[in-house]
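> The residues making up each chain are set out below.
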Amino acid sequence: MSALRLLLALATTLGLSASAMAADKPDPAADAKALQDYFVKKFPKVAFDDFVNGPYSMNADMRKQWEEKEQFPPYEFALDSGKEMFAKPFKNGKTYADCFANGGIGIRQNYPYFDDKEGKVITLELALNRCREANGEQPYSYVKDEMASLTAYMAYTSRGKRFDIKIPDDPRALEAFERGKEYFYTRRGQLNFSCASCHVQSPGERIRAEILAPALGILNAMPIYRSEWSGMGTISRRIVTCNSQTRAVPLEPQSDEYRNLEYYLSYVSNGLPVSGPGARP
Amino acid sequence: MRTALALGLLLAASAAAHAQSGAAEGQKLAFDRGKGNCLTCHEIKGGDLPGSIGPKLENLKSKYDRTELIAILNDETKRNPLTVMPPFGRNRILTEQEISAIVDFLQTL
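Top to bottom, those sequences are chains A and B.
Per the numbering used here, the very first residue in the first sequence carries number 1; after that it's consecutive.
Per the numbering used here, the very first residue in the second sequence carries number 1; after that it's consecutive.
Keep in mind that the hints are not guaranteed to be accurate.
[Said to hold, decoys possible] With a straight-line cut-off of 25 Å between C-alpha atoms, the simulated SDA-like cross-links for lysine to any residue are:
{"hint": "1", "chain 1": "A", "residue 1": "Lys45", "chain 2": "B", "residue 2": "Ile53"}
{"hint": "2", "chain 1": "B", "residue 1": "Lys35", "chain 2": "A", "residue 2": "Gln65"}
{"hint": "3", "chain 1": "B", "residue 1": "Lys35", "chain 2": "A", "residue 2": "Thr241"}
{"hint": "4", "chain 1": "B", "residue 1": "Lys45", "chain 2": "A", "residue 2": "Glu210"}
{"hint": "5", "chain 1": "B", "residue 1": "Lys56", "chain 2": "A", "residue 2": "Gln190"}
{"hint": "6", "chain 1": "B", "residue 1": "Lys35", "chain 2": "A", "residue 2": "Arg247"}
{"hint": "7", "chain 1": "B", "residue 1": "Lys28", "chain 2": "A", "residue 2": "Lys33"}
{"hint": "8", "chain 1": "A", "residue 1": "Lys33", "chain 2": "A", "residue 2": "Ser244"}
{"hint": "9", "chain 1": "B", "residue 1": "Lys28", "chain 2": "A", "residue 2": "Asn110"}
{"hint": "10", "chain 1": "B", "residue 1": "Lys28", "chain 2": "A", "residue 2": "Lys45"}
{"hint": "11", "chain 1": "B", "residue 1": "Lys35", "chain 2": "A", "residue 2": "Asn243"}
[Stated by the list, open to error] With the C-beta cut set under 8 Å, the calculated list includes, among others, these residues of chain B facing chain A:
{"hint": "12", "residue": "Leu39"}
{"hint": "13", "residue": "Thr40"}
{"hint": "14", "residue": "Cys41"}
{"hint": "15", "residue": "Gly47"}
{"hint": "16", "residue": "Ile53"}
{"hint": "17", "residue": "Pro55"}
{"hint": "18", "residue": "Leu57"}
{"hint": "19", "residue": "Asn59"}
{"hint": "20", "residue": "Val84"}
{"hint": "21", "residue": "Pro86"}
{"hint": "22", "residue": "Asn91"}
{"hint": "23", "residue": "Ile93"}
The hints are simulated quantities; they were obtained by calculation from the structure and are not laboratory data.
Where a beta carbon is used, it is the ideal one built from N, C-alpha and C, also for glycine.
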C-alpha cells in the first residue's frame, strides 16, 4: 500500500473528509478540526486544555506522580540558565530581545511561522540560532543544553497563551503544511511506523512502560526534561529520538521536512495553551 | 514392524523435543528487545513490563493455526492495513526460522 493510500485510509478512520485530504485542495482548518474532534471524542473525559500535558492527560497514576514532582520541577535549572542567557548581551552588545517581536517575551505560541520572503517555515529553535549567527555568534546544538534552556525560558514567559499558528494564503505555506502532514502519516523504517501509529492510533496505551502522548498538543510542553535523558531536550531532540527508536533514519534537525512537520503539528494544536517547559518520567 | 514402531516413537519424541526447544528459543526471541520485542505491545505470560497497544497473547491455538500465525508475523498489514504491528518477516526484522520458533512459542500460550 502506498504511503498516500495509507494516509487516506488512516484519514478516513480519523473522519477527515476526503476533500480535505485530496492533494490538490489543502484545507488546514478542516484538518485541524478533524484531528481535534477525533481526540475529544476518543477521550471524552480529558479536558481540552489538558491534552498539552501529554502522557499525564492519559493516565491518572502518572499524573499524580507528576503533580508531586512539579513541586520541585526538574527543568528549573534550565529555566534559570535560559533566563540568564537570554538577558546576556552578545559580543556586539545586542541581545536575543533585539531579534524577536515583543523582545522575545510571551511569543512562543506564534512559532513556527511561515516566512514569505524565504518561502519556508521558521521554527523557534531555528530563529534563535539565526539570531546568534546574525550577531556574530556560533550556533548552538539543536538538541539540548543551551537551546533547551533558551526555549524553556521563552516557553515559560508564554505559559497559558494559546497556540496561534498562521497559514498565510500562499501556495508555498499550504504546501509546507501538506508536506508536514504527509511526513506525519507516512510509515517509515524497518518497523514500519508512522508518527501517527503511536501518537494518533495509540495514545494512552502503554508501549512497554511508557504512556504514549496524543498528537493533539504534543508540542505545547516543549522543551521537556526527561529522566531517561537526565536532562532537557528540544523539539528537535524528541523527533530525532522517536525516529531512531523506531529504527528509521532520523533527518538533520531543522531540515525542511522537520520544519514542515512542526508546522503541521503546531497548527492542528491551535487554541491549546503553551505549557512548556515540561517534565516527563 | 518392531523397528518401525520404535523408529516412529523415536521420531515423535524428537519432534516433541524439537518443538519444545523451538518454543524456548521462540520465547527468547519474542522477549528480546533487539528481536521480536513483542512485549512492547503485548502482554505475554512470563514477560515483564508489557505494553498495551496489542491484545494479550493467549489461547492462540484455539484461534489460529500455524500458517495463520506465521502470516500475522510475516506481515499483519495484509490482514489489517492500518495495524501498527511491524511486518517482521517482510521487513526482515526476523528470519523465517526465527518466526517459526516464535510460532512454536505462541502455540504454547
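> Indicate, hint by hint, whether the structure satisfies it.
Do the hints match the structure? See the list:
no.: 1; hint: A:Lys45 x B:Ile53; in the structure: holds (20 Å)
no.: 2; hint: B:Lys35 x A:Gln65; in the structure: violated (32 Å)
no.: 3; hint: B:Lys35 x A:Thr241; in the structure: holds (19 Å)
no.: 4; hint: B:Lys45 x A:Glu210; in the structure: holds (20 Å)
no.: 5; hint: B:Lys56 x A:Gln190; in the structure: holds (24 Å)
no.: 6; hint: B:Lys35 x A:Arg247; in the structure: holds (12 Å)
no.: 7; hint: B:Lys28 x A:Lys33; in the structure: violated (45 Å)
no.: 8; hint: A:Lys33 x A:Ser244; in the structure: violated (30 Å)
no.: 9; hint: B:Lys28 x A:Asn110; in the structure: violated (49 Å)
no.: 10; hint: B:Lys28 x A:Lys45; in the structure: violated (39 Å)
no.: 11; hint: B:Lys35 x A:Asn243; in the structure: holds (18 Å)
no.: 12; hint: Leu39; in the structure: holds (7 Å)
no.: 13; hint: Thr40; in the structure: holds (5 Å)
no.: 14; hint: Cys41; in the structure: holds (7 Å)
no.: 15; hint: Gly47; in the structure: violated (10 Å)
no.: 16; hint: Ile53; in the structure: holds (5 Å)
no.: 17; hint: Pro55; in the structure: violated (11 Å)
no.: 18; hint: Leu57; in the structure: violated (15 Å)
no.: 19; hint: Asn59; in the structure: violated (22 Å)
no.: 20; hint: Val84; in the structure: holds (4 Å)
no.: 21; hint: Pro86; in the structure: holds (4 Å)
no.: 22; hint: Asn91; in the structure: holds (5 Å)
no.: 23; hint: Ile93; in the structure: holds (6 Å)
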